[in-house]
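As given, the protein sequences belong to chains A and B, one line each in that order. Counting in my numbering, the first sequence runs from 1 upward without gaps. Counting in my numbering, the second sequence runs from 1 upward without gaps.
Derived by calculation from the structure, the hints in this document are not laboratory data. Heads up, some of the hints might be wrong.
Treat identical chains as interchangeable: a pair holds within one or across any two.
In silico BS3-like cross-links for lysine-lysine, where the CA-CA straight-line distance does not exceed 25 Å [stated by the list, open to error]: (1) K210 / K157; (2) K275 / K245; (3) K246 / K157; (4) K157 / K209; (5) K275 / K238; (6) K41 / K266; (7) K95 / K217; (8) K245 / K322; (9) K238 / K210; (10) K245 / K210.
All values derive from a computational prediction rather than experimental measurement.
Protein chains: 2
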Amino acid sequence: MNPVVCKPAVVFPEFEVSQDETVAFISEAFPTSDILPVALKMVRNTEVITRRLSRPLSEIATRSDFCARNTSYINKARALAVLAARQAMDNAGIKPSEVHMVIATSCTGFSMPSLTAMLINDLALSVNTQQLPIAQLGCSAGVAAINIAANHCRAYKNHNVLVVSAELCSYLYHPDDNLLASMVSASLFGDAVAATVVRGVSGRGFAIKKSHSIFLKDTENYIAYDIRDSGFYFRLDKEVMHSIKKVAPGIERFIHEHDDSFSGNKFYVVHTGGKRILDEVVNSLGLNETDIEHSRTSLALRGNLSSASVMDVLKRTFDGQKISPGQSGVMIAFGPGFTTEMSVGYWV
Amino acid sequence: MNPVVCKPAVVFPEFEVSQDETVAFISEAFPTSDILPVALKMVRNTEVITRRLSRPLSEIATRSDFCARNTSYINKARALAVLAARQAMDNAGIKPSEVHMVIATSCTGFSMPSLTAMLINDLALSVNTQQLPIAQLGCSAGVAAINIAANHCRAYKNHNVLVVSAELCSYLYHPDDNLLASMVSASLFGDAVAATVVRGVSGRGFAIKKSHSIFLKDTENYIAYDIRDSGFYFRLDKEVMHSIKKVAPGIERFIHEHDDSFSGNKFYVVHTGGKRILDEVVNSLGLNETDIEHSRTSLALRGNLSSASVMDVLKRTFDGQKISPGQSGVMIAFGPGFTTEMSVGYWV
């Protein structure tokens with residue numbers, strides 16, 4: 001019996017922002033920038049049609065310091081995390097008292113105590129719940145957390161692990177940061193809080209056979225935070241676009257080694273990343289577009305949700321109802337390092 | 001076969017600061033404070049005789065912003081972490097290529113990518129090393145990380161997990177923060193980077209039978225970061241002093257359930273916390289002073305090293321050579337939440 005990732009819940013904040021509104025916003029915020037036309041073209045190319053944010057664009061355009069932004073982040077992330085966690089426990093058919101470990105991933109704000117302590121209080125989890133907050137794995141944290149949860153359940157087969165990924169990316173945007181990359185980033189990322197329960201026994205969903213990590217040496221600059229007095233500035237080096245083809249052989253080798261039906265029809269739960277990252281995944285791994293249709297849809301309707309993306313894609317995989325029991329699947333996310341976190345398994 | 005925590009390595013930065021120098025520093029920094037006499041008395045009461053810091057007191061007394069402090073933190077933490085990790089791998093008798101997972105705990109600075117990515121690069125660990133950075137568990141992170149490492153080795157018995165706790169507490173001190181609690185905190189905490197290897201098989205040291213967490217509901221304010229524009233301000237509520245007696249029954253019950261020799265002569269590896277925390281541990285758990293002698297020594301000579309403390313105490317337990325193979329032991333740390341992380345096991 002392998003640990004099973006149950007159906008995720010994904011909740012969103014209130015402000016819906018379309019690509020057109022984003023384009024208008026950037027045009028107004030940086031009217032004199034030489035690179036505005038290029039930036040707007042790149043925003044159009046993200047293929048993010050719409051997304052939800054925790055604060056209106058008018059507020060995002062107003063400079064606010066680290067403290068104000070982080071305080072608001074904590075309050076909203078906490079409230080949404082409670083909603084997502086309750087739905088995820090319902091989906092998994094467990095009660096709060098049946099959670100043995102809670103993992104919270106979030107790289108878009110910081111608190112100590114962390115969301116894990118807040119969730120024990122707010123959800124009335126057992127006082128013996130093991131806590132694991134993860135703040136520094138970026139977009140790969142969702143899969144990393146699920147893999148750690150699965151390994152925990154291998155050691156304690158009757159355990160349930162609640163995994164919550166709370167990413168309010170709109171709190172990372174700095175109006176004083178008029179770099180092209182930051183403008184484009186701001187248009188790519190959306191806000192969401194996702195949650196799932198990984199069960200050692202009795203779960204229905206994605207059973208994990210084996211997890212794997214692949215690190216690209218000396219690429220610490222590919223995806224990084226530039227940490228300044230006013231907070232975390234997200235930095236993406238364009239070299240990251242070439243990283244997928246470098247890790248693809250390792251991904252394929254791992255799938256070969258651990259998937260009994262390599263030649264069969266597999267399902268793919270791939271972190272949305274961005275349009276070009278998904279293009280690279282399709283090309284480098286020799287996939288069909290239908291293999292990553294849920295990732296494309298998630299990107300178009302929600303944007304890149306950082307560590308919460310993979311749960312949004314997994315939820316769409318559940319809702320799509322195209323997977324047969326026993327069918328093999330792969331879950332993959334990419335993040336700072338540059339790191340690939342993945343697992344192979346099957347539907348149960 | 002239970003996972004084994006091998007002999008830790010603990011490395012320190014260059015600046016040795018005595019209690020007398022700390023008293024002189026605070027007296028000069030806050031000459032007009034009404035509460036100076038009380039603060040100095042509390043500093044004397046910490047029983048921290050000396051400690052090592054990453055920067056001289058003259059630099060600490062100069063206001064520096066989040067970015068400058070955090071950049072310096074990253075550079076120094078990284079360099080010391082490499083040294084500690086190499087020694088820890090030597091102690092455990094493994095090569096860098098034999099590390100399957102790297103866990104880094106640090107709450108005194110922030111980076112993305114995290115120390116785990118830096119260590120894969122700097123130590124030439126395998127590119128398939130699983131990463132787990134923990135930034136938000138404060139002083140309890142060392143034991144929490146060792147427990148997660150042990151659970152990982154229960155699932156994968158031939159694995160080795162490198163655990164690095166890098167805490168440069170001197171980077172948390174804000175000269176503009178003239179609260180009594182902050183002054184006293186500054187005199188309590190020292191800087192260190194500690195590392196150990198948890199081995200699924202073949203290790204010599206503390207074999208972990210079972211780990212446990214105990215959370216005190218609605219105590220998020222006991223130990224917390226007040227996050228401001230200029231960084232993280234450490235806040236300790238004096239109520240924390242009463243928390244040990246509240247968790248003591250849970251600690252004793254867990255030891256009773258999982259330790260076969262409850263009435264026998266056990267060894268204790270207890271996070272240093274502070275003088276009063278250790279007094280409370282002795283009183284609430286009915287221990288002898290000799291049971292926590294290494295914690296008292298670590299506190300006196302190194303100060304509270306946050307998540308690295310427990311490894312300094314464990315190293316002293318190894319060096320003390322008073323433990324017999326098979327003897328039962330307990331490892332305990334306290335942190336924000338308010339949380340107790342612990343494990344029971346035996347010497348092997």
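For each hint, the structure was consulted:
For a Cα distance limit of 25 Å, the shortest separation of K210 from K157 qualifies both inside one copy, at 15 Å, and across copies, at 14 Å. Within a single copy, K275 and K245 get their C-alpha atoms as close as 15 Å, which meets the 25 Å cut-off; across copies the closest is 55 Å, which misses it. In the homo-oligomer, the alpha carbons of K246 and K157 never lie at most 25 Å apart, since the shortest distance is 36 Å inside one protomer and 30 Å across protomers. Taking the shortest Cα distances, K157 and K209 sit within 25 Å of each other both inside one copy (14 Å) and across copies (16 Å).
Taking the shortest alpha-carbon separations for K275 and K238, only the intra-copy value of 13 Å comes in at or below 25 Å, while the best inter-copy value is 52 Å. Taking identical chains as interchangeable, the C-alpha atoms of K41 and K266 are never at most 25 Å apart, the minima being 35 Å within one chain and 68 Å between chains. With identical chains, the CA atoms of K95 and K217 are at most 25 Å apart between copies only, with a shortest distance of 18 Å across copies and 42 Å within one. In this assembly of identical chains, the alpha carbons of K245 and K322 never lie at most 25 Å apart, being 28 Å within a copy and 55 Å across copies at closest.
For the identical chains of this complex, K238 and K210 are neighbours neither inside a copy (31 Å) nor across copies (46 Å), given an alpha-carbon limit of 25 Å. In this assembly of identical chains, the alpha carbons of K245 and K210 lie at most 25 Å apart only when taken from the same copy (22 Å versus 42 Å across copies).
Hints 3, 6, 8, 9 from the earlier list are contradicted by this structure; the remaining hints agree with it.
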